[in-house]
Amino acid sequence: MSNPETEWLQRSLQGDEEAFASLVERYQNPVFNLCYRMLGDEFEAEDAAQETFWRAYQHIQRYDPQRSFATWLLSIAAHYCIDQQRKRRAPILAIDDLLEETLPDQAPDPERTASQTEEQLAMRKLLETLNAQDRSAIILRYWYDFSEEEIARALNLSASAVKSRLFRSRQALARQFMADAARAAGKERKQDESPAF
Amino acid sequence: MNHQPFNSWLYEDTPLPAAQAEELRQHLQTCPDCRRQQEAWLNVRHMLRTTEAARPQPGFSNRWQAGLEARRLRQQRRQVRITILALAGAVLLVLLGLLIYFALTSSFADLFASMIGTSTQVAVGLVQIGEFFQSLLRFLPPEVTAAAWFIIASWICSLCLAWVLSVWRISRKGVSSHEELH
Ligand SMILES: [Zn+2]
Numbered sequence: 001m002s003n004p005e006t007e008w009l010q011r012s013l014q015g016d017e018e019a020f021a022s023l024v025e026r027y028q029n030p031v032f033n034l035c036y037r038m039l040g041d042e043f044e045a046e047d048a049a050q051e052t053f054w055r056a057y058q059h060i061q062r063y064d065p066q067r068s069f070a071t072w073l074l075s076i077a078a079h080y081c082i083d084q085q086r087k088r089r090a091p092i093l094a095i096d097d098l099l100e101e102t103l104p105d106q107a108p109d110p111e112r113t114a115s116q117t118e119e120q121l122a123m124r125k126l127l128e129t130l131n132a133q134d135r136s137a138i139i140l141r142y143w144y145d146f147s148e149e150e151i152a153r154a155l156n157l158s159a160s161a162v163k164s165r166l167f168r169s170r171q172a173l174a175r176q177f178m179a180d181a182a183r184a185a186g187k188e189r190k191q192d193e194s195p196a197f
Numbered sequence: 001m002n003h004q005p006f007n008s009w010l011y012e013d014t015p016l017p018a019a020q021a022e023e024l025r026q027h028l029q030t031c032p033d034c035r036r037q038q039e040a041w042l043n044v045r046h047m048l049r050t051t052e053a054a055r056p057q058p059g060f061s062n063r064w065q066a067g068l069e070a071r072r073l074r075q076q077r078r079q080v081r082i083t084i085l086a087l088a089g090a091v092l093l094v095l096l097g098l099l100i101y102f103a104l105t106s107s108f109a110d111l112f113a114s115m116i117g118t119s120t121q122v123a124v125g126l127v128q129i130g131e132f133f134q135s136l137l138r139f140l141p142p143e144v145t146a147a148a149w150f151i152i153a154s155w156i157c158s159l160c161l162a163w164v165l166s167v168w169r170i171s172r173k174g175v176s177s178h179e180e181l182h
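Chains as they are written, first to last, in the working numbering: chain A, 1 to 197; chain B, 1 to 182.
Don't read these hints as lab results, they were simulated from the structure.
A few of these clues could be false.
A few chain A positions that, by computed beta-carbon distances, are all more than 10 Å from chain B [unchecked claim]:
1. 7
2. 9
3. 13
4. 14
5. 16
6. 33
7. 63
8. 64
9. 86
Covered, in the sense of this in silico footprint (three residues per stretch, anywhere, with C-beta under 8 Å from a C-beta of chain A), are these stretches of chain B [unchecked claim]:
10. 11 to 21
11. 31 to 45
12. 58 to 66
Derived pair list, reagent style EDC-like, types lysine to aspartate or glutamate, alpha-carbon separation capped at 20 Å [said to hold, decoys possible]:
13. A:125 <-> B:52
14. A:163 <-> B:12
15. A:190 <-> A:180
Note that CB positions come from ideal geometry on N, CA and C, so glycine has one too.
Can you make the complete structure from the sequences, with help from the hints?
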């Protein structure tokens with residue numbers, strides 16, 4: 001860990017807001033990317049990333065300085081996104097939402113970037129075939145180079161559960177890839193066969 | 001054709017010992033199905049490792065700092081609301097408990113009679129206290145009386161002030177600013 005980061009962490013532990021803001025600046029990209037891969041939507045990813053940092057800020061005392069801060073942060077983000085996906089599937093009216101007043105939206109409506117490249121879309125479609133927990137395991141493994149143990153710790157799973165989840169997910173992703181490739185090939189053939197007007 | 005254990009090895013994604021790697025290579029040479037799967041998985045893995053990371057819109061940390069204030073405010077308000085609700089609930093429960101207790105232990109006539117009795121006793125008590133103080137005042141020099149009034153009045157004032165201040169503080173800061181969000 002580099003020196004300024006250690007210092008920011010120490011100051012954050014003492015409640016220094018500016019030091020924590022430096023950590024936000026430093027880790028915004030990996031956290032946002034994880035949320036984006038998990039949720040597949042830029043706006044939801046922004047909210048999830050902001051929420052991740054808020055939770056980290058509130059519970060900074062629970063951070064164990066012996067471990068990597070990035071790992072801790074990404075694990076908070078993964079948990080939050082998994083919860084969001086579950087809520088999306090089963091929309092229930094939480095008592096908290098009833099008590100809560102609606103806040104004005106803080107995100108200064110980032111223009112939806114039209115730069116959804118083909119590559120990004122293909123990736124999104126592939127990840128969508130996995131359930132939230134499997135998806136987070138795959139993302140942590142291949143985007144962030146987490147070991148299986150780190151994933152297990154981050155997602156509160158046993159090492160063997162992570163192993164089998166990753167195995168199943170690789171199979172599912174490969175299958176989806178083959179299906180997409182077959183569909184694309186079929187389309188091309190059709191286009192070739194159809195007479196041009 | 002028997003695809004196991006070779007097909008599983010494809011998806012373990014861990015380096016195989018040399019002997020196993022050779023076995024897998026031989027199986028893949030003879031099995032187009034497993035070969036296709038291996039190719040697909042390697043493609044996916046490549047995509048996972050090379051797809052560019054998504055970035056937030058510029059100004060993320062500024063939005064974070066602005067959001068921090070709003071979140072704090074919201075949390076404080078919620079704490080105040082919960083405290084008030086809890087207090088109101090407790091008072092209501094006590095009243096309800098008393099009501100049930102009286103309803104169960106005595107008839108309404110008894111209740112009425114005892115209410116009248118108690119209030120008369122309280123009234124008589126108050127009158128007696130008043131008389132005691134009046135007789136006391138008659139014996140004391142006027143300066144002491146004035147001083148006593150002054151002390152009582154300032155006590156009442158400071159109590160009121162303390163009460164107003166604590167209500168104001170709770171409504172501004174919440175009960176505790178580091179309470180967890182649930
Ligand atoms: Zn085979």
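Hint check:
| no. | hint | result |
| --- | --- | --- |
| 1 | 7 | 17 Å, holds |
| 2 | 9 | 16 Å, holds |
| 3 | 13 | 13 Å, holds |
| 4 | 14 | 13 Å, holds |
| 5 | 16 | 13 Å, holds |
| 6 | 33 | 4 Å, violated |
| 7 | 63 | 15 Å, holds |
| 8 | 64 | 18 Å, holds |
| 9 | 86 | 17 Å, holds |
| 10 | 11 to 21 | holds (count 3) |
| 11 | 31 to 45 | holds (count 7) |
| 12 | 58 to 66 | holds (count 7) |
| 13 | A:125 <-> B:52 | 15 Å, holds |
| 14 | A:163 <-> B:12 | 8 Å, holds |
| 15 | A:190 <-> A:180 | 15 Å, holds |
In the structure shown, a violation is registered for the earlier hint numbered 6 alone.
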